[in-house]
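Top line first, the protein sequences correspond to chains W and S. Mind the numbering: the first sequence is residues 13 to 379 in the working numbering, read in order. Mind the numbering: the second sequence is residues 8 to 313 in the working numbering, read in order.
Quick caveat, the hints were computed from the structure, so don't treat them as lab data. Since no wrong hints were added, every one of them can be taken at face value.
With a Cα cut of at most 30 Å, we get these calculated DSS-like pairs of lysine-lysine:
#1 W:K127 to W:K139
#2 S:K142 to W:K212
#3 W:K139 to W:K346
#4 S:K86 to W:K214
#5 S:K86 to W:K212
#6 S:K86 to W:K22
#7 S:K142 to W:K214
#8 W:K78 to W:K92
#9 W:K214 to W:K35
#10 S:K218 to W:K212
#11 W:K78 to W:K127
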Amino acid sequence: MRTLCVLLEKEFRQFLRNPFLPKMVVIFPLMIMFVIPWVTTMDVRHIGVSVVDNDLTTASRRLIQKIDASDYFTLGSVTKDFGSSLTQIEAGDADVIVEIPDGFERSIAAGAPEKVSITANGVNALKGSLGTQYMVQTVMQTLAELRGEEGLPAAADLVVVENRYNPTLEYRNYMIPALMIMLLIMICGFLPALNLVGEKEKGTIEQINVTPVSRLTFTLAKLIPYWIIGLVVLAFVMLIARAVYGLAPAGSVGAIYLAAVLFILTMSGLGVAIANRSETMQQAMFVMFFFVMIFVLMSGLMTPIESMPAWAQWITRFLPPCYFVEIMRSVYLKGSLIAELWTNYALLGVFAALFNTLTAVTYRKQA
Amino acid sequence: MAARNAIEAEGLTKRYGALTALDGVTFGVARGELFGLIGPDGAGKTTLFRLLTTLINPDGGTASIAGCDIVRDYREIRKRVGYMPGRFSLYPDLSVAENLDFFAALFGVSAEASRDLIAPIYRQIEPFRTRRAGKLSGGMKQKLALCCALIHRPSVLLLDEPTTGVDAVSRSEFWDMLSELKSKGISMLVSTPYMDEARRCDRIALINEAKILGIDTPQGIVSRFDEPIYALSGRDMYGLLLAARRAEGVRECYPFGEAHHLIPDAGFDAAAFARFLAGQGFADAVIRPAEAGIEDVFIKLMHHEQ
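The whole structure should be built from the sequences, with the hints applied where relevant.
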């Protein structure tokens with residue numbers, strides 16, 4: 013125990029003396045919390061629209077105005093033939109073409125409106141499909157208004173949509189809990205592992221290994237500082253989320269911290285196992301990047317697991333961050349209780365035990 | 008146990024895949040002895056140290072330090088042995104004093120308790136107490152490393168090439184320190200690639216290609232060389248070497264510092280040989296009897312082995 017204290021004191025001293033790490037631990041979370049939520053948005057806005065107006069009536073102008081007024085669309089140009097609008101898509105100036113047929117206004121009055129055609133650029137699949145959807149809504153809404161003004165019975169809204177838990181479907185609220193997880197992966201999983209490999213590279217581990225210090229004590233001394241830093245940083249980013257984005261956890265902070273502790277144990281176990289097997293920083297970094305890529309792209313951090321193919325979903329069951337992502341989002345947005353998510357907590361616990369056993373096995377017997 | 012040697016190795020063997028790094032090495036270091044391990048790079052010196060410091064396990068043979076087996080009692084050995092690796096292995100971002108206190112604390116002693124033992128060495132680096140270890144000069148680093156290896160008053164000190172990469176004055180000072188430690192009863196195993204340092208050991212073992220070629224006192228080793236030996240020098244040293252190797256009556260000729268060392272067959276006439284060389288166009292060649300050194304023994308034993 014006394015030895016552990018001596019080692020911890022040395023670790024903190026080295027950490028604070030490092031010209032780079034203390035700054036990193038402050039700047040990294042700030043960057044993640046202040047910049048990333050704004051750029052990793054899946055909301056599609058500013059869709060370029062080119063309108064082909066074959067009608068040239070009040071009704072068609074009304075539709076064009078409506079498009080222009082919308083925040084989702086940027087009205088590029090109004091042309092007289094489809095060909096020139098298509099050139100604009102090819103040039104990248106427009107994403108969607110709306111063609112208003114000749115006799116549009118008359119047909120509304122007649123009660124059987126002519127069809128408005130919508131053509132979208134599918135290269136950016138997300139922008140194309142969402143752009144088409146938004147445009148359909150806009151056209152339908154305008155039609156309903158015009159019919160109402162004509163004294164015709166407005167078609168009743170068939171569907172009412174209400175988004176629970178994230179009422180405005182704010183993508184940021186979905187991302188921020190996930191970003192916190194990224195931070196914990198980096199700070200608690202990889203920094204201590206790199207530190208361990210660093211001692212190997214510098215050769216200092218050689219001198220430690222011939223002292224009576226046990227490998228377990230030495231490894232714990234490497235992990236504990238980063239566990240502390242990780243949990244402090246988590247509190248720090250939760251405060252930022254609250255202050256800057258008005259996002260406070262709907263559930264209990266305790267539920268978040270319990271999951272965070274289990275997750276941190278899992279990640280640092282993995283990191284140390286990698287460090288035990290690596291001789292150089294490069295090797296350790298490369299293996300870690302492999303895991304980070306998989307964790308970030310497959311754990312539902314960015315894209316929902318439900319939309320992955322079945323085989324990929326099967327793989328995600330073996331990725332510990334998946335369970336933590338679900339806990340974070342459920343507790344943060346829905347206010348779920350530990351009792352409701354107990355399987356996730358249990359599985360995180362299993363992973364923590366498993367990864368740390370793996371770490372123990374990869375210890376060299378004596379060293 | 009008291010009668011036992013400080014270090015005892017019996018048939019110690021270590022393999023790395025197809026490569027045999029140590030092949031049946033047997034030797035003993037008496038208590039209070041300064042024992043040198045002399046051999047070129049790649050001879051297996053560092054592997055031997057890693058075995059003795061319990062960092063790796065042997066594939067065959069046994070060894071014990073202060074009566075403790077290197078496999079079974081490795082925990083005990085780590086308390087009793089001081090080790091100075093060939094590469095500087097202290098924390099470069101901690102200061103001199105911090106490194107010393109840190110290693111003292113790891114062994115559960117205070118730096119003050121060993122002050123009398125390390126004082127003669129520590130005095131020389133004390134002015135740089137607050138300087139980071141990474142910013143010390145090569146000689147200073149060695150002194151600090153020696154202090155750290157001594158901090159827990161080990162009975163056996165293992166030093167792997169402590170003077171490699173250190174200037175001649177610091178090297179000599181370092182050996183003075185080792186002699187002083189010897190007078191305090193510490194047994195030492197020191198490896199070095201420098202033959203001239205071998206003279207400062209009580210006994211030396213010549214090691215090459217995983218095997219020990221011979222163990223003796225430095226004088227004993229030199230006296231093993233019971234043949235005449237000549238030093239050959241001239242202006243065109245390389246031409247001389249080739250000519251001597253081609254000549255009749257010359258068993259061996261190899262570069263040795265400023266002159267070539269020449270070992271003749273029986274019935275060799277130095278004056279006749281000088282005339283022969285003059286006939287070959289080496290009019291300025293000088294040949295005179297020389298005294299064999301440890302290196303000559305080493306080369307002889309090495310060739311004998313092959």
